[in-house]
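Participant: The chain contents come next:
4 protein chains.
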Amino acid sequence: MLKFGLLGAGRIGHVHAKTLAANPDASLEVVFDIRQEAADELAKEYGGRGVTDEKEIWDNPDIDAVIIGSPTPLHVPHIIAAAKSGKAALCEKPVAMETAKVEELREALKGLDPTVMMGFNRRFDPSFARVKELMDKGEIGKVEQVTIISRDPAAPPADYIKVSGGIFKDMTIHDFDMARFLLGDIDTVTTIPQNLDPEIAACNDYDAAVIVLTAKSGAVATIINNRHCATGYDQRLEVTGHDGQLNADNQRPTTVSLSKDSYSLSREPYLDFFLTRYADAYAAELNQFISIVKEGGKPTPSIEDGAQALLLAEAAEKSAREQRPVKVGQ
Amino acid sequence: MLKFGLLGAGRIGHVHAKTLAANPDASLEVVFDIRQEAADELAKEYGGRGVTDEKEIWDNPDIDAVIIGSPTPLHVPHIIAAAKSGKAALCEKPVAMETAKVEELREALKGLDPTVMMGFNRRFDPSFARVKELMDKGEIGKVEQVTIISRDPAAPPADYIKVSGGIFKDMTIHDFDMARFLLGDIDTVTTIPQNLDPEIAACNDYDAAVIVLTAKSGAVATIINNRHCATGYDQRLEVTGHDGQLNADNQRPTTVSLSKDSYSLSREPYLDFFLTRYADAYAAELNQFISIVKEGGKPTPSIEDGAQALLLAEAAEKSAREQRPVKVGQ
Amino acid sequence: MLKFGLLGAGRIGHVHAKTLAANPDASLEVVFDIRQEAADELAKEYGGRGVTDEKEIWDNPDIDAVIIGSPTPLHVPHIIAAAKSGKAALCEKPVAMETAKVEELREALKGLDPTVMMGFNRRFDPSFARVKELMDKGEIGKVEQVTIISRDPAAPPADYIKVSGGIFKDMTIHDFDMARFLLGDIDTVTTIPQNLDPEIAACNDYDAAVIVLTAKSGAVATIINNRHCATGYDQRLEVTGHDGQLNADNQRPTTVSLSKDSYSLSREPYLDFFLTRYADAYAAELNQFISIVKEGGKPTPSIEDGAQALLLAEAAEKSAREQRPVKVGQ
Amino acid sequence: MLKFGLLGAGRIGHVHAKTLAANPDASLEVVFDIRQEAADELAKEYGGRGVTDEKEIWDNPDIDAVIIGSPTPLHVPHIIAAAKSGKAALCEKPVAMETAKVEELREALKGLDPTVMMGFNRRFDPSFARVKELMDKGEIGKVEQVTIISRDPAAPPADYIKVSGGIFKDMTIHDFDMARFLLGDIDTVTTIPQNLDPEIAACNDYDAAVIVLTAKSGAVATIINNRHCATGYDQRLEVTGHDGQLNADNQRPTTVSLSKDSYSLSREPYLDFFLTRYADAYAAELNQFISIVKEGGKPTPSIEDGAQALLLAEAAEKSAREQRPVKVGQ
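Line by line, the protein sequences are chains A, B, C and D. When the letters of the first sequence are read in order and numbered with the working numbering, they come out as residues 394 to 723. When the letters of the second sequence are read in order and numbered with the working numbering, they come out as residues 394 to 723. When the letters of the third sequence are read in order and numbered with the working numbering, they come out as residues 394 to 723. When the letters of the fourth sequence are read in order and numbered with the working numbering, they come out as residues 394 to 723.
Please keep in mind that the hints were generated in silico from the structure rather than gathered at the bench. A hint or two may mislead.
A pair counts as met if it fits within one copy or between any two copies, since identical chains are not told apart.
25 Å max Cα-Cα, derived PhoX-like pairs, lysine-lysine [said to hold, decoys possible]:
1) K687 with K411
2) K525 with K691
3) K411 with K396
4) K535 with K653
5) K653 with K530
6) K396 with K609
7) K609 with K711
Being a predicted model, the structure only gives us computed values, none of them experimental.
Pulled out of the complex, with its shape left as it was, chain A reads as follows:
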């Protein structure tokens, strides 16, 4: 039984608290948030106690591991604090708001060899993981083209957009990691951004984009993003290899379809958002993290995976602003 501290009692903190509560090998001991009420509420529902001083986690010898679901600017300090207090950490994406901060993080972690895993939950989605597994088994031959469809059901409020770091660091970051999960290192990023919603444009952000990544292998990944989708959380994947193709389709609450006089086999809308759509993925991610903490081994996805996804987000932003392909890390 691993004892957990949780940093951040917001939306993503809620997801992790629920996942912890359902895991027989984990117990939630302390929930930190600067808002006492939020911390208490989460603790009450899923276990442990709420605190507003994060030291109550770092200095608590009973806590084995933490989940970092705090605002992005706190990810780096929280990873460092976890490393220094000898606690394993599962950190939400993105690792930081800019690559410069990742450099600071690398510096601070020198000689510590901490166990840090990045929370790219989609790698653990059973369907996407199965695509990767079949791909690695050679079922479709040499991979040539990847298409990642990733549309949220609805944009977050403007207040969130303003502090989100922009669509590429906040939303596409998952798709960048997925592209790397499937294709390995990426060479060039070309972004064709869209402003469909004027309210988001007013925040100097985009709300839709097509981002094309060229992998060092010669394969190309196309990411199609939209902050809005009428039918729910549109999360699909298609990998085309020389010998075949793998598809991971959307998910719905049930398998029911309805036929009437004007249509046939109409299905339910897609699962509405990440809480339901990726519930299995969060559970599998936690299992993987617990297993690494218990049995040792290099966590995957690692801080360096987080750093690479951030580099891609920065390159995508630059490509969008400068309207040209951008080499990653330049």
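Following the hints, position chains B, C and D against chain A.
Facilitator: The following block gives chains B, C and D in isolation, referenced to the frame of chain A:
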């Protein structure tokens, strides 16, 4: 180029005239119907000339073959006339209204060895034919259970129902032939009839039924019939073998699907009726007939296949009326 | 938090123990089985302690409710014991091996008004429940025909078959309840049984069957059963109404499909058996049971639902043996 | 009955000859090709006579219309000859190898007002046409993103590649027209090209690409091309609007699917190539052309649609070579 006479300018005559016109190896020369206007109209649209005296077909040495789409009571005399005048015949189902008539037919044809093929068009449907082909290749192992879903979009008018011979001879006859196509000889028929539409009940006929056939092989076929289906012409097939299953699904005008906020991947209704749904089947049936006429060989489905389907229809009717399983041919 | 005793540490006991362990409102306190080792093992994995004397459940004032997963002949005595000791009971199907025993049960329960719910888990399957919900909302109009496909992945061993009560009480019982769930009271049962596997025939049982039920409403339900299915646990439902159709399809581990040069969009096999296929249904069933125990109300499905399903099983067996339609309860 | 001359007896000439032969309102009178044998062969199979002097078409007063399926460099002279001889023309894509030639064409046609339709057959595909129709009816609201998947089953031989004008003019040209059909005028083209097959790279051409088009409306179209696809001719379309999404899926020879122990609902590969996949589209295109010739009206797609598609192909090539977004027509 085979020269055709067509007997009957009704709904099914129309289907065959159209199929003939589109076939580069066939030409429609004479259309017979007791209604001059109907015969002329069909001839005008698809070729040839209209006649009200069927002798103009039998005595015409230019005519190689006939398609018999006349009312069912005329099938037997028309087959005999074709045989006597040395013309090949493709005859619509059912071969006759009762088995006693088939005996007369067999008697009359003795020594003539005519080329007669029964118009069980569904055997030639590319999907059903593919199911049979894969089944025969052993893809699903020993066949255990067959399900045939066959629902018309809407019931014919009461006037037609009254002279139709009843649902089993008029509608299920296709499914009986399909069951025999897939399973061979049938041993026992059990019918569970339904009266959903009081107007059809008033004609002393059923408008829906479940008919279960036990094949001599031990396999069982379930036929689900309904004279009405909200979504169109519901025509499906499922064959379960020891090692797998084959499915033939419904067809739609296009592959388009629509997703909105309350549903996803909604497809168009099914093709509305046999004219569109089985257009390819009628064309393939005609090709097969032409090829047999030209190159010789035993036509399949044969008169005996027609006779067997009729026996099954009679057994189904008896089973429905007497509420018990009925042995075929007893 | 409701405290549970579990009777029976066999396969179905295992399912319930697991479901209890995952439910935050339930705790497993005592596991009874005549085999100490089996009881201990289950208790060790999912909570509580193992006992071989069932009195340790009935006499334990801490136990609020029991789940009866004992062999079928013990269902009636265990329900009675639960009723007498004031404990709510969730009892596995079938309620008894024969209707005569149900009469004894009714007699014994007179004046006790116990809370007893029958474990027809499929009513709680999200897809089947959604079909019922949409049907009840009138989405497809008056219901005309139901098709229930229910095939197990593989037959149980002959030893189990011999004490199972036969395919209709052991396997079809779920489908009988589903037919009643959808169509209400059933009038007539017609069974067309099959013997595909000689080993099961040697046990004087069938291993496949088509069972057609006529509802008092005029609707007809066709159940297609097979103890074996190559592709997994084939569990589908189709309800045809005058205005449309509802379908509940099979489930697979993921949404992944594979296309290669000889096929396209090939999906994974179906979920293998009830443990995975109906995991959500068992969880929802338990929630419903807990909610009734806590808040009061008549449990559904009730003992009388269990009795009706058993009557259908008996009628189906009689129909199979006597090769004729059988009126329910006669 | 419209009388046709056909220019070009190659692969695409074959498609048109076959389509003409099957159309009851058209007759093929003369087939021109510089190779007498090729012209004769086509004429023998589908009607008319073969000639090697194109004047036999232009000077023939019986010919009403021509289909131009000659090599691309001849399209412009053949359109001009048709216009001058007063014959309507249906011309294959692309209208010319470079935009400069289109300017010559416009000049030559001044004052002639000829009936010229461009052969962008995919606009007439029933599924794509249905997508457009539903889109125009407002079913999905304001269009935001289009995805066009277009993969050939196998690359043409290197000899063809060398004279093809390159992937964008030869293959993507259809997708450019489809994007314009759906989104109207295009502003910017960004190409991410791929070289998967070294033999095609050696021809200084690409064999795969992602091309992103920004429409003046703000919508974005992503075209994914590949000269090779293991599963057949991968031709799909997806249009996402603010209120919903339209999908047009691939087509297969039948609706049959196969389930076995290791997979379920495996479908056949896609229709193999444009001859079968777009047979209906070619037939509908010809009907539209005949109807315009007979009844008058502006042909769509027009020469200007052809010119715009060519501009997009040139922009795509430039974008690929210069690795930057390119404004159309600059």
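Participant: None of the hints should be skipped; say for each whether it holds.
Facilitator: Going down the list of hints, with the structure as the test:
no. : hint           : in the structure
1   : K687 with K411 : both (21 Å within a copy, 24 Å between copies)
2   : K525 with K691 : within (19 Å within a copy, 49 Å between copies)
3   : K411 with K396 : both (14 Å within a copy, 23 Å between copies)
4   : K535 with K653 : between (43 Å within a copy, 13 Å between copies)
5   : K653 with K530 : between (42 Å within a copy, 14 Å between copies)
6   : K396 with K609 : neither (41 Å within a copy, 56 Å between copies)
7   : K609 with K711 : both (20 Å within a copy, 23 Å between copies)
In terms of the numbered hints stated before, the structure departs from hint 6 and from no other.
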